[in-house]
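Throw the hints in and build the complete structure from the sequences for me.
Just so you know, this note's numbering puts 319 at position 319 of the sequence shown, and the rest follows in order with no gaps.
All the given hints hold, so there is nothing to weed out.
Simulated DEER-style distance windows between Cβ atoms:
(1) Thr263 - Arg202: 29 to 35 Å
(2) Asp134 - Ser33: 51 to 57 Å
(3) Pro330 - Gln212: 31 to 37 Å
List time: in silico PhoX-like cross-link candidates among lysine-lysine, alpha-carbon distance up to 25 Å:
(4) Lys348 - Lys195
(5) Lys144 - Lys348
(6) Lys57 - Lys249
(7) Lys147 - Lys195
(8) Lys144 - Lys195
(9) Lys348 - Lys147
Since the hints were made in silico from the structure, they are not lab data. Positions of the beta carbon are idealized from the N, C-alpha and C atoms, including for glycine.
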Amino acid sequence: EVMNDLTAAGRIALPISGGLDSRSTVATIAPDSPAHARLWAYSYGYSDDSVETRIAKEVAAARGLAFDAFTIGPYLFDRLPDIIAAAEGFQDVTQARQSAVSGEIAAHAAYLIAAHWGDVFLDDMGVDPSTVPDGGLVDVAVGKFHKTGSDWLLEHLCRPHSRVAPQQFLRDMTSAELERAGAVTDPDFTIKILKTEQWSARWTTASLRMFQAAAFPRLPFYDARLVDFFCTVPTSFVAGRRLQIDYLKRYASDLARVPWQVTGRDLYRNGEDSAADVARRAVRKGWRVLRRRKVIERNWEVQFLGAAGRAGLERWLLRPGLALHEFVAPRDVRTLLDAFARDPYAEKRGYTVSMLLTFSAWLEQYGRGVTG
1 EVMNDLTAAG
11 RIALPISGGL
21 DSRSTVATIA
31 PDSPAHARLW
41 AYSYGYSDDS
51 VETRIAKEVA
61 AARGLAFDAF
71 TIGPYLFDRL
81 PDIIAAAEGF
91 QDVTQARQSA
101 VSGEIAAHAA
111 YLIAAHWGDV
121 FLDDMGVDPS
131 TVPDGGLVDV
141 AVGKFHKTGS
151 DWLLEHLCRP
161 HSRVAPQQFL
171 RDMTSAELER
181 AGAVTDPDFT
191 IKILKTEQWS
201 ARWTTASLRM
211 FQAAAFPRLP
221 FYDARLVDFF
231 CTVPTSFVAG
241 RRLQIDYLKR
251 YASDLARVPW
261 QVTGRDLYRN
271 GEDSAADVAR
281 RAVRKGWRVL
291 RRRKVIERNW
301 EVQFLGAAGR
311 AGLERWLLRP
321 GLALHEFVAP
331 RDVRTLLDAF
341 ARDPYAEKRG
351 YTVSMLLTFS
361 AWLEQYGRGV
371 TG
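Here's what the structure looks like:
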């Protein structure tokens, strides 16, 4: 019903990934649907042989949808002001990879189906009621919200300008927000409430603004009918994607037979690895080793690790006169970038650098006059 309403009119783009949420939206579109003439599916990956785009192509083909695949190359520093203008600095700028294909989206569609928050409603938060620590759900929530790579930012950017230790401030804020969740007996769902209230508004929906620069988003998992429904579903039903997998197997067997990127297996074999699965992965890994080719899995790798990326980081993080330097000393930024150049994967420095870049770009566009 929700998807029928959202696809009833207009030229519509359907982003498809290797996951299950976009696949669940495609499952509602019958192969003989009259809407097909108005639908255009697409996917993007970081290489021409991307697993994500290959799986997405299979999903689109199963329902006869027109489909295009795109390979994301370096684009960030050419479009950074536009990305900051769209997301207003609420989200790590490397997460808005749809900006790389905004022209193609705009050419094909006036609207876009975004399956955001399906992964939250259709899974558990990994909270076992029997193992909640002595500190209660506050400790659990702080752990869930902590981003590896954020410690440098808290120490160098936040602590010098805060009267309260950053970690204590975050803990106090988390505790206050948990109290607002009310008397919910399921601790897993309580964390889901907190994540929906905070993460969705502060992080996830920011990316929708980047979509909106090309086509207006339509959001099935934010529809009140689905939200009300998921508020009645026990955690045990959705844990481990159980409800979603069962739905696809029962009502969209053609899509259930397409491999899930997380496991590499179709949903009818969503159990332990078979000998063939292990052998297949070993062959693929061996082939990559022979070709000396690393699998690129994150957008920051594409945007930062080449010569243009390094130059862009120097410009936006170390250029004399940047507002950023009112908050963090250039020598500390230089030390971070040198460490990132030596080993970009250690200590999740990709996240640290991405968020520092986001803050600097926001300051240049909107924060001039803000003092540290």
